[in-house]
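J.: Sequence:
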Amino acid sequence: MSGKPEVQTSSVDTMKLLLGAAVGVSGIVAFYYFTDQPAVVRWLGLIAAFVVGALIAVQSTQGHALWDFARTSWVEVRKVVWPNRQETTQTTIAVLVMVILLAIFLWLIDMLLAWGAGYVTNPGG
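Read in order, the letters of the sequence shown are residues 304 to 428 in the numbering used here.
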């Protein structure tokens, strides 16, 4: 058994998740149903449906846990020390040089194996 307690889902939470998903799906259906409307209106309606669906779903226990996970993940991403431009450029150049060297090495191996196979299958010519 794991040390984590199991979370009981209530029927209210299930209904919140289903309602949120239904609102999102209805936004997709409306996007394709109203093809005669301008694209901006359709996209805004789709985005609004997704936002409303997400707001409904986040009211459930699972949705709230997902939101907490996203917030703490964002905090961790902000703690990461990202490489500066010089380090990124140097690493990219090193990777490109290694890829080129490996490609040349594999090409030489291929040529050697092709020569060997040709020698074995056609020794006189």
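Source of the hints: derived by calculation from the structure; they are not laboratory data. Do not rely on the hints blindly, as some may be mistaken.
Label pairs and their calculated CB-CB ranges [said to hold, decoys possible]:
1) I350 with V378: 18 to 28 Å
2) H367 with F408: 48 to 58 Å
3) E379 with A351: 28 to 38 Å
4) A368 with F408: 25 to 35 Å
Beta carbons: idealized from backbone N, C-alpha and C, even for Gly.
J.: Next step is simple, just say for each hint if it's right about the structure.
T.: Each hint tested on the structure:
1. Judged by the Cβ atoms, the range 18 to 28 Å given for I350 and V378 holds: they are separated by roughly 26 Å.
2. Evaluation of the 48 to 58 Å hint for H367 and F408 yields a pass: the beta carbon distance comes to about 54 Å.
3. Against the hinted window of 28 to 38 Å, the Cβ-Cβ separation of E379 and A351 comes to about 30 Å, which satisfies the hint.
4. Between A368 and F408 the beta carbons are some 50 Å apart, a value that contradicts the proposed interval 25 to 35 Å.
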